[in-house]
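Chains A and B supply the protein sequences, listed in that same order.
The C-terminal residue of the first sequence carries number 437 in the working numbering, and the numbering is unbroken.
The C-terminal residue of the second sequence carries number 278 in the working numbering, and the numbering is unbroken.
Please note: incorrect hints may appear among the correct ones.
Stated by the list, open to error - Part of the chain A face toward chain B, derived, beta carbon under 10 angstroms:
(1) Leu130
(2) Arg132
(3) His201
(4) Asn223
(5) Gly390
It is worth saying that the hints were derived from the structure and are not from the lab.
Where a beta carbon is used, it is the ideal one built from N, C-alpha and C, also for glycine.
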Amino acid sequence: MPSILPRSRIILLAAVAGGFVATATPVEAQQPPTNPSPSAAPLTAPAPTPATAPAPVPAAPPWAQARPDEAVSANLAPVVPPPIATAPDKLPLSKLKLPKNFHIEVFASGMPQARSLRVGDKGTVFVSTRLLDRIYAVTSSSGRPEVKTILTGLRWPNGIAVHNGTLYIAELNKISKIDNVESHLGDAKATVIYSDLPNYEPHGWKFLVVGPDNRLYFNVGAPCNICMPPATNAQIRSINLDGSDAQIVAHGIRQIVGMDFHPASKVLYFTENQRDWLSEDQPQDKLNRVLNPGKDNFGFPYCAGGDIEDPIYGWGHSCSEFTKPIAQLGPHTAPLGMRFYTGQMFPASYRNAIFIARHGSWNKSHKIGGDVVVAHLNPDGTVKSIEPFITGFIEDNNYVGRPVDMEFLKDGSMLLSDDYNGAVYRITYGPQRQVSRGQ
Amino acid sequence: MLHSLAADAGLSQKLAPCIVCHGTDGQSQTENVPSLGAQQPQYTVIQLFLFREKMNIADPMTDMAKGLSDDDLQAIAAALAVLPAPRPPTDLGDPARLDRGRTLVEQNHCNVCHRPDFSGQNNVPRVADQREEYLLKTLRDYKSGARHGYDATMAEVLQPLSDVQLVELSYYLAHHR
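Using the sequences provided together with the hints, build the complete structure.
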């Protein structure tokens, strides 16, 4: 199998943490047990035997061909975030591990499904939700973080961005804004600026970021696990801040839940989640960058993980036709939020490195991901190494939390959202724990 | 002890209006009202939450869930989960139709998330021996978008299915043994 990274790097990466890069040899220990002749065996408790012979199973529709019959034995189902937040004293802080001299504390809790994070000029922390209908704001005017729900009735408002005092919100099928939002936390009203978006629910949630060109960038995900997407989907688009002049920035993208621009080169980087039901250990989720806006095609649905022609759509295609990822981030690990670190609090080696939150797998018998990793870059913007940063969200093959997105406060400390517990944590660096902002 | 007795009394008071329609023994005798016995508690909490937050507007549930606390949702879900699972109908069903339904279930891998015995898991509901007309309405509503799921899974998996196939799936699940 072709590898996108030099051999030395593979060894380095494989050594630091499991599941970042495909190794050259199959990991047999992780293969699921073979289910003996599953197609012949009845999958349910035998009903009264019908008089007629079973009908032949017709060819499955394309998306369903992706789910092998054997998967019935694997007890896999998407993990959804609970609608009720975890009580502050039950949060899994004591289970989380960080490098030396980094500290983690609860910044704010009681926000079911806390997802994307953005910080306003006056210090308000905005927190979105994916499957709920609301946006939270955390203010600290009294010295203790205080959570308010500022908007409800939204349709999957995962994507949020703050720019020049305006909060932008990307829902399933529209993008809206609230000017001067930090003065309107009690009476926030959103005005729609863009609604030329499909209504498909699968991968309908969006990530939103304002680019260095003062345009809004967002994804329109593939409306399926694996399919030939409509022309409106599987892409990154950008629009002006008033919603005008929509352009396609990149093509062939399955789903994105994290994008950021390199602080120096201004190149757009993004995490991409790859298809399910191909196998336990393939394909790899990806870290990509857009060097050729408008032209780059990342391969969906023809090529998965940057190195596997899709068994359904890959015929007649080669992965060499498409823009390669700059790193593979592990199979099914679901890398979501990613941010370049530009703050002053963390050691200099973290400057312009990318923090990536791996939400964690569901389509894999032994869960992996459930951590925050840090990608250090070479001067040319390629990936030098990837190391674990926060681990411990998986315990006994179950989640005790799921990291989603990060943002940084003015002091350089990191905020991290956990949609499984409905909480936001704060990570600081120093020989001593920093002064707590209240829990 | 006194406290837990009081809590139990409070809970049975809260459950009383539920079981009028949903059935005292976990099995609904009312058209278009689902049986809730042995339902997965995570699923029930999510559904009650969606009603309470008006994210799923469906009379009378939107009203019934109004004012319930998070603890209430969890207590009600836990109480329903220990009621008996709904029983299959005495009618064994038409073997040819059951066969078609079983084929659809295998082809669409309903039995992965809902489990081979359709008892569900976590946020994925028990659907075994659910009321047939309720199953059909739910499947149609998920497919058309009239009912939004908590996530997009059902909207996605139902896209390729025809209405005739939804009828056969409902028949099969309602007659599950």
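Right, here's what the structure says about each hint:
Given the 10 angstroms rule on beta carbons, the hint for A:Leu130 holds: about 7 angstroms separates it from the nearest Cβ of chain B. This hint holds: A:Arg132 has a C-beta 9 angstroms from the nearest C-beta of chain B, less than the 10 angstroms allowed. Interface restraint check for A:His201: the shortest CB-CB distance to chain B comes to about 7 angstroms, inside 10 angstroms, so the restraint holds. The closest approach between the C-beta of A:Asn223 and any C-beta of chain B is roughly 7 angstroms, which is under the 10 angstroms cut-off, so the hint is satisfied.
The restraint placing A:Gly390 at the interface with chain B is violated, with a minimum CB-CB distance near 21 angstroms, outside the 10 angstroms limit.
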